[in-house]
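S.K.: Build the full structure now, drawing on both the sequences and the hints.
Number of protein chains: 2
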Amino acid sequence: MVEKRDPIQVKEAVSRVMKYSKTGELEHVSLENAEGRYLAEDIIADHPVPPFDRSPLDGFAVQSKDTKGASSSNPVRLEVVETVGAGHVSTSVLKPGQAVRVMTGTIMPEACDSIIMFELAKEVNENNQTYIEITRSFEKNDFVAKEGEETKKGEVIVNAGKKITAGVIAVLATFGYAKVPVAKKPVIGIYATGTELLDVDQDLEPGKIRNSNAYMIISQVKQAGGEPLYFGKLEDNFELCFKAVQEALKEVDVLITTGGVSVGDFDFLPAIYKKLGANLLFNKIAMRPGSVTSVAEKDGQLLFGLSGNPSACYVGFELFTRPWIQTYLFSTKPYLESVKGTLKANFPKANPFTRFIRSKIAFEHGKVVAQPIGMDKSQVVTSLAYSDVFVALPGGTRGYKSGDEVDIILLNSEGDSAPFQDPVKSRKTDQ
Amino acid sequence: MVEKRDPIQVKEAVSRVMKYSKTGELEHVSLENAEGRYLAEDIIADHPVPPFDRSPLDGFAVQSKDTKGASSSNPVRLEVVETVGAGHVSTSVLKPGQAVRVMTGTIMPEACDSIIMFELAKEVNENNQTYIEITRSFEKNDFVAKEGEETKKGEVIVNAGKKITAGVIAVLATFGYAKVPVAKKPVIGIYATGTELLDVDQDLEPGKIRNSNAYMIISQVKQAGGEPLYFGKLEDNFELCFKAVQEALKEVDVLITTGGVSVGDFDFLPAIYKKLGANLLFNKIAMRPGSVTSVAEKDGQLLFGLSGNPSACYVGFELFTRPWIQTYLFSTKPYLESVKGTLKANFPKANPFTRFIRSKIAFEHGKVVAQPIGMDKSQVVTSLAYSDVFVALPGGTRGYKSGDEVDIILLNSEGDSAPFQDPVKSRKTDQ
Numbered sequence: 001m002v003e004k005r006d007p008i009q010v011k012e013a014v015s016r017v018m019k020y021s022k023t024g025e026l027e028h029v030s031l032e033n034a035e036g037r038y039l040a041e042d043i044i045a046d047h048p049v050p051p052f053d054r055s056p057l058d059g060f061a062v063q064s065k066d067t068k069g070a071s072s073s074n075p076v077r078l079e080v081v082e083t084v085g086a087g088h089v090s091t092s093v094l095k096p097g098q099a100v101r102v103m104t105g106t107i108m109p110e111a112c113d114s115i116i117m118f119e120l121a122k123e124v125n126e127n128n129q130t131y132i133e134i135t136r137s138f139e140k141n142d143f144v145a146k147e148g149e150e151t152k153k154g155e156v157i158v159n160a161g162k163k164i165t166a167g168v169i170a171v172l173a174t175f176g177y178a179k180v181p182v183a184k185k186p187v188i189g190i191y192a193t194g195t196e197l198l199d200v201d202q203d204l205e206p207g208k209i210r211n212s213n214a215y216m217i218i219s220q221v222k223q224a225g226g227e228p229l230y231f232g233k234l235e236d237n238f239e240l241c242f243k244a245v246q247e248a249l250k251e252v253d254v255l256i257t258t259g260g261v262s263v264g265d266f267d268f269l270p271a272i273y274k275k276l277g278a279n280l281l282f283n284k285i286a287m288r289p290g291s292v293t294s295v296a297e298k299d300g301q302l303l304f305g306l307s308g309n310p311s312a313c314y315v316g317f318e319l320f321t322r323p324w325i326q327t328y329l330f331s332t333k334p335y336l337e338s339v340k341g342t343l344k345a346n347f348p349k350a351n352p353f354t355r356f357i358r359s360k361i362a363f364e365h366g367k368v369v370a371q372p373i374g375m376d377k378s379q380v381v382t383s384l385a386y387s388d389v390f391v392a393l394p395g396g397t398r399g400y401k402s403g404d405e406v407d408i409i410l411l412n413s414e415g416d417s418a419p420f421q422d423p424v425k426s427r428k429t430d431q
Numbered sequence: 001m002v003e004k005r006d007p008i009q010v011k012e013a014v015s016r017v018m019k020y021s022k023t024g025e026l027e028h029v030s031l032e033n034a035e036g037r038y039l040a041e042d043i044i045a046d047h048p049v050p051p052f053d054r055s056p057l058d059g060f061a062v063q064s065k066d067t068k069g070a071s072s073s074n075p076v077r078l079e080v081v082e083t084v085g086a087g088h089v090s091t092s093v094l095k096p097g098q099a100v101r102v103m104t105g106t107i108m109p110e111a112c113d114s115i116i117m118f119e120l121a122k123e124v125n126e127n128n129q130t131y132i133e134i135t136r137s138f139e140k141n142d143f144v145a146k147e148g149e150e151t152k153k154g155e156v157i158v159n160a161g162k163k164i165t166a167g168v169i170a171v172l173a174t175f176g177y178a179k180v181p182v183a184k185k186p187v188i189g190i191y192a193t194g195t196e197l198l199d200v201d202q203d204l205e206p207g208k209i210r211n212s213n214a215y216m217i218i219s220q221v222k223q224a225g226g227e228p229l230y231f232g233k234l235e236d237n238f239e240l241c242f243k244a245v246q247e248a249l250k251e252v253d254v255l256i257t258t259g260g261v262s263v264g265d266f267d268f269l270p271a272i273y274k275k276l277g278a279n280l281l282f283n284k285i286a287m288r289p290g291s292v293t294s295v296a297e298k299d300g301q302l303l304f305g306l307s308g309n310p311s312a313c314y315v316g317f318e319l320f321t322r323p324w325i326q327t328y329l330f331s332t333k334p335y336l337e338s339v340k341g342t343l344k345a346n347f348p349k350a351n352p353f354t355r356f357i358r359s360k361i362a363f364e365h366g367k368v369v370a371q372p373i374g375m376d377k378s379q380v381v382t383s384l385a386y387s388d389v390f391v392a393l394p395g396g397t398r399g400y401k402s403g404d405e406v407d408i409i410l411l412n413s414e415g416d417s418a419p420f421q422d423p424v425k426s427r428k429t430d431q
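Chains as they are written, first to last, in the UniProt record's numbering: chain C, 1 to 431; chain P, 1 to 431.
If you're looking for bench data, these hints aren't it; they were derived computationally from the structure. Do not take every clue at face value.
Identical copies go unnamed one by one, so any copy, or any two together, can satisfy a pair.
When the alpha-carbon atoms are kept at most 27 Å apart in a straight line, the in silico DSS-like pairs for lysine-lysine are as follows [what the hints assert, rightly or not]:
(1) Lys333 - Lys163
(2) Lys184 - Lys222
(3) Lys233 - Lys243
(4) Lys250 - Lys275
(5) Lys122 - Lys4
(6) Lys95 - Lys340
(7) Lys243 - Lys146
(8) Lys233 - Lys179
Computed from a predicted model, the values in this text were never measured in an experiment.
M.R.: Right, dumping it as structure tokens:
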């Protein structure tokens with residue numbers, strides 16, 4: 001009576017989705033609006049850094065040969081002929097025995113080859129003329145920041161695929177990127193299905209709940225770097241849903257639906273995929289929550305059928321939709337990053353499927369630990385608010401206890417270049 | 001000749017800034033635009049979860065007393081009188097021996113008190129009537145998700161001060177928050193000072209560099225949750241700068257300037273603070289980069305004088321401006337989070353000041369490690385692009401080596417409720 005579905009591993013499901021990954025079109029955005037986007041091209045230095053020999057501090061630019069033999073008992077006196085601030089260029093033609101007072105960042109006066117910081121020069125005023133007395137000698141290039149010593153012109157500074165943070169923006173500004181090459185954001189359509197769904201501003205009524213998945217997914221799409229396009233809610237009516245999905249596909253790069261993917265009488269997505277002539281990539285994954293997550297493909301366009309349960313919906317997006325979006329954006333780390341750490345709670349019940357437990361990461365004396373938030377039923381939205389990681393517990397014949405080493409999936413890290421590997425129980429843990 | 005400044009510890013500097021912290025005005029934003037803001041009020045459940053007794057799976061709602069004595073040898077047959085999907089309410093008045101087919105999320109039919117999942121019920125059709133046969137008995141409430149079992153009405157679900165993530169948005173939607181109470185974003189004015197500064201789209205010329213700090217700070221302000229207001233660049237001209245600062249203060253909550261805080265001839269910020277009659281909180285901190293970071297206060301309004309060196313500027317913002325902004329937003333974790341971990345490089349040279357080393361965090365077999373990016377001069381913008389943490393090395397008489405335990409300051413975590421503690425060398429490390 002109930003349709004039998006064969007579960008596949010998470011890794012296999014990700015791999016089936018990513019067969020349809022592609023990169024987006026290039027566009028240029030202004031530097032002010034580049035934050036959070038991903039570089040679509042390498043950043044290349046359009047000039048050396050520093051761009052010229054300059055003073056790295058407030059001091060005096062001198063000709064080092066003038067300082068030869070200077071000592072406490074035999075101080076050398078130099079005549080200060082000009083003061084130059086950063087951004088200005090010295091106009092003096094220096095004679096032997098002369099110096100220029102310069103500020104941090106000032107381009108080296110032409111004849112000078114060494115900088116003496118304020119603290120090492122004693123200023124003396126005589127007849128309205130300033131002199132400095134120095135008591136040690138300096139070598140050519142002493143305290144000079146040399147052109148190109150940090151970066152050569154033409155060097156690749158930041159690679160394509162990097163998320164644009166404040167630090168990347170500083171680099172872009174330095175090298176004159178007023179317009180930044182990024183991938184166009186993919187348009188991610190969203191439909192929430194279910195006759196039970198009310199709008200957020202509606203009062204509750206018997207049998208109904210408010211639509212939380214759509215708003216959550218909108219936020220997840222934004223965080224992943226996509227452009228959400230929310231179409232609204234759909235009642236459980238086959239023809240209505242079919243038409244809506246068919247039309248939506250014309251306006252989006254991929255389409256997410258929430259709900260309707262299980263085996264209930266009104267779970268219409270399987271039939272919709274069929275009528276569309278879409279190729280079903282999978283409809284059962286060996287994971288909890290989210291085992292009914294389904295993905296289909298029609299002419300290269302993906303339809304993500306996420307579960308109607310909020311937590312299952314959340315997990316499905318992060319594991320399957322996020323890497324597709326981030327690859328589109330040229331990210332070189334489209335997958336969630338997984339690290340090893342210590343579980344801080346007991347999960348005594350065995351489960352045949354890999355479980356994703358909403359948890360909070362913490363660091364104890366240099367070690368990574370994960371504290372499950374509790375109440376880990378897939379219907380519970382509450383604990384999603386406080387999760388920043390998922391603990392991935394491998395399926396099998398036994399439970400887990402506090403202190404076990406587990407895989408911890410980071411939800412807020414920059415990501416990983418390698419996809420999630422379904423965790424396998426270590427021999428040690430199994431014994 | 002050179003002004004003598006007395007350095008204070010980072011913690012003391014933070015504490016002087018935070019004496020002038022305050023929380024912002026409340027405003028309501030639509031749920032779609034709430035992402036990344038901070039909750040200004042607790043989220044309270046306006047209804048229990050589940051809001052009614054419901055079926056957590058696809059199955060049959062029955063009266064448990066009808067199943068008494070059922071076994072493989074003595075199956076009980078029930079008549080299926082109705083099929084009800086989620087969002088609908090059963091209209092049947094059940095007689096003994098009858099059942100209702102229900103889908104996941106459906107409100108319990110009135111007379112029913114137990115759910116039998118599809119897999120445990122054998123469907124039989126006779127004379128156009130569907131029956132189910134069951135071979136075990138069920139108790140009252142078996143497989144029923146009870147009203148309020150996850151959350152009671154009136155419970156605080158998420159506390160004020162929490163950053164609004166996708167998970168929080170799901171909670172807000174569930175409880176009907178179409179409008180979300182948040183703090184108004186503080187307006188953070190930004191002026192970049194220095195005659196040497198070119199606009200990003202200008203070609204280089206001798207002695208000049210492009211303005212990178214302003215764009216970096218705009219991005220940092222956004223990340224911290226503030227509203228950046230960039231006023232532009234200022235030449236090193238005292239009267240011009242004074243007027244600009246004086247006028248800008250009228251339009252902002254706090255004002256950031258970059259550059260002009262050191263002891264050079266054209267470092268005018270100290271004199272501007274004086275002429276404004278502002279109260280100087282500090283102008284020297286025992287840290288590198290950013291030792292010249294200065295903060296002044298005028299009638300309760302803060303003026304952050306950040307260094308002109310990009311890395312020093314970055315650090316100054318994160319340590320001092322960020323916690324002020326985040327406190328304004330009601331965040332309960334306004335400070336950067338610091339964790340213990342292992343240094344993965346040598347820093348053989350001693351330094352009297354606490355050093356913040358741009359680094360990348362990694363996790364090795366459950367342990368936190370930090371890999372310095374390299375080239376850690378305060379002028380170098382390049383390494384900012386790849387940093388996600390700062391290693392904080394305590395000042396002292398010796399250097400550090402790979403393998404030492406150090407403080408690692410996370411730049412992308414949700415933050416910490418406690419301020420940064422200047423690291424102190426452990427006895428063990430000191431020996």
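S.K.: Against each hint, give a clear statement of whether it holds in the structure.
M.R.: Hints, verified against the model:
1. Lys333 - Lys163: both (9 Å within a copy, 25 Å between copies)
2. Lys184 - Lys222: Close inside one copy (13 Å) and across copies (21 Å); limit 27 Å.
3. Lys233 - Lys243: within (13 Å within a copy, 55 Å between copies)
4. Lys250 - Lys275: For Lys250 and Lys275, only the intra-copy Cα distance (16 Å) is at most 27 Å; the inter-copy one is 63 Å.
5. Lys122 - Lys4: between (89 Å within a copy, 15 Å between copies)
6. Lys95 - Lys340: neither (66 Å within a copy, 56 Å between copies)
7. Lys243 - Lys146: Classified as neither; 66 Å inside a copy, 36 Å across copies.
8. Lys233 - Lys179: Intra 38 Å, inter 19 Å, cutoff 27 Å: inter-copy only.
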